[in-house]
Amino acid sequence: MNFNWDVFWQYLLQPSGVYLTGLWLTCLISVLAMALGCVLGLAAALMRLSHNPLLNLPVRFYVWLMRGTPLLVQIVFLYTALAAGGIFRFEDVELFGLMVPGNIQAAIIALGLNEGAYMAEIIRAGIGAVDKGQYEAGRSLGMTFAKLMRRIVLPQAFRVIIPPLGNEFNVMLKNTTLVSVIGVQELLLSTQMVTSATFRVFELYLVVAIYFLLLTTLWGFFQRWLEARFGQSDRPAPPAAGSRMFGRGTLKLLRGR
Amino acid sequence: MARKSEELIIEALDVHKSFGCLEILKGISLQVRRGEVVVLIGASGSGKTTFIRCINLLEDIQGGRIRVNGRAMGYRERADGSLVRDSERNIARQRQDIGMVFQRFNLFPHMTALENIIEAPIQVLGVPRAEALEQARALLARVGLADKAMHYPSMLSGGQQQRVAIARALAMKPQAMLFDEPTSALDPETVGEVLQVMKQLADDGMTMVVVTHEMGFAREVADRVVVLDQGELIEQGPPEQIFSRPTHPRTQAFLSRVL
Numbered sequence: 001m002n003f004n005w006d007v008f009w010q011y012l013l014q015p016s017g018v019y020l021t022g023l024w025l026t027c028l029i030s031v032l033a034m035a036l037g038c039v040l041g042l043a044a045a046l047m048r049l050s051h052n053p054l055l056n057l058p059v060r061f062y063v064w065l066m067r068g069t070p071l072l073v074q075i076v077f078l079y080t081a082l083a084a085g086g087i088f089r090f091e092d093v094e095l096f097g098l099m100v101p102g103n104i105q106a107a108i109i110a111l112g113l114n115e116g117a118y119m120a121e122i123i124r125a126g127i128g129a130v131d132k133g134q135y136e137a138g139r140s141l142g143m144t145f146a147k148l149m150r151r152i153v154l155p156q157a158f159r160v161i162i163p164p165l166g167n168e169f170n171v172m173l174k175n176t177t178l179v180s181v182i183g184v185q186e187l188l189l190s191t192q193m194v195t196s197a198t199f200r201v202f203e204l205y206l207v208v209a210i211y212f213l214l215l216t217t218l219w220g221f222f223q224r225w226l227e228a229r230f231g232q233s234d235r236p237a238p239p240a241a242g243s244r245m246f247g248r249g250t251l252k253l254l255r256g257r
Numbered sequence: 001m002a003r004k005s006e007e008l009i010i011e012a013l014d015v016h017k018s019f020g021c022l023e024i025l026k027g028i029s030l031q032v033r034r035g036e037v038v039v040l041i042g043a044s045g046s047g048k049t050t051f052i053r054c055i056n057l058l059e060d061i062q063g064g065r066i067r068v069n070g071r072a073m074g075y076r077e078r079a080d081g082s083l084v085r086d087s088e089r090n091i092a093r094q095r096q097d098i099g100m101v102f103q104r105f106n107l108f109p110h111m112t113a114l115e116n117i118i119e120a121p122i123q124v125l126g127v128p129r130a131e132a133l134e135q136a137r138a139l140l141a142r143v144g145l146a147d148k149a150m151h152y153p154s155m156l157s158g159g160q161q162q163r164v165a166i167a168r169a170l171a172m173k174p175q176a177m178l179f180d181e182p183t184s185a186l187d188p189e190t191v192g193e194v195l196q197v198m199k200q201l202a203d204d205g206m207t208m209v210v211v212t213h214e215m216g217f218a219r220e221v222a223d224r225v226v227v228l229d230q231g232e233l234i235e236q237g238p239p240e241q242i243f244s245r246p247t248h249p250r251t252q253a254f255l256s257r258v259l
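The listed protein sequences correspond, in order, to chains A and B. Using my numbering, the letters of the first sequence correspond one by one to residues 1 to 257. Using my numbering, the letters of the second sequence correspond one by one to residues 1 to 259.
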């Protein structure tokens, strides 16, 4: 068997700068695309709940389109095809003194757009799981739709949304490999670059697989914590925690108290 | 005219309501004066619950008018007298005048009893937090649950949850309270504590419209008992008259079944 343990251990334990950049990009793109997906998903879910066809039809079209075409095609289409067609070209942009290459912008937007469609369905299901009586109670207290959503419905829907949201992020981490096709140097493309110089394909792909396992495992731990903290619909959080999901308590929590 | 509308808190005129082609309310008119306790009784399916849900617009109505404090609920009157559907914000504003207590309590499960009560005053009325908290503690004491402030709804019994729900509605300082079968989902042993709180509320002069199957409560607390049957108001009067000398044959039939 052609397997060099030294190379394997070296790349696993002392990754080169190319690798670390790839790791960093994978995480960054995942988090930003997921954030974009959540925002889009929430907006789409709320629009989808509306009875106004002007609001819910575009969303249905969006979900249909995103779920009906391969993510890889969407990525290439957004970055390469649109530019080739002379419709839109992603340019490098300087943001907060940092150069953000066009292909990374396209990667985040393509992954985020795709994720938004799936999140829309997940959030819609979460909102649908909230008891109708909660709406009536909120309305009878004089709440407007926006307040009712923000204070009553979404915090409860959040508990239902957490487990599938965790799975979505797990998928997102792995889907970032697809943006290697538009030249974003995330983990996979970094690996390909190193292999083309060293020809140690077996060792290096094993290393990249282990890296992804590490990322998804770490996320798994965090996800379990999230579910234990928020994902209980029947059992309330202990009174001491006493925080509302989107209120002061969470913000404190997110800031690390 | 102006004096009369001051007197009347709730004024329903010829209210019609249908679900699809099924007509639930066939023209119900009811006037409730300030401080009056009106109890709606009738067989299930008679439209009592639907009717009080129409009062604060949890259900749309297909015909008739509902006025609260002399103002048309859910509709703005144009100068020529025609009606247009009011904005969401105005409807929300109008609902603040009417507290509602539900059969299934509908407390917010992600908030403690105290948080349930301060939520609407802070979010809707803009009451400062400290003031809302003080008021909420007083309300909890009033319904006998001062020690349950930090409890989540799932940690409370049905009767306790319903009392918190009453306190939550009272926190908005409503002009009138609607009770939709407030004791129907309760264990028999906790029914009494909720009725006790409601009786106290009636004694304090709160305007109340109560849908209930508790004939004892109706007899004791109501100023007026209203009998609904198949979407029609068939009889109304003081409790002793309705319970002892009902005139309508359908009232007699209903009472002979439940008493």
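Think of the hints as simulated: they come from the structure by calculation, not from any bench. Fair warning: this is a prediction, and the values are worked out from it, not measured in the lab. Warning: the hint list may mix true and false statements.
[What the hints assert, rightly or not] Keeping only pairs whose Cα atoms sit at most 27 Å apart, straight-line, the calculated DSSO-like set for lysine-lysine is:
hint	chain 1	residue 1	chain 2	residue 2
1	B	K199	A	K147
2	A	K174	B	K173
3	A	K132	A	K147
4	B	K173	B	K199
Going through the earlier hints one by one, which of them does the structure break, listed in rising order?
Hints 1, 2 not satisfied by this model.
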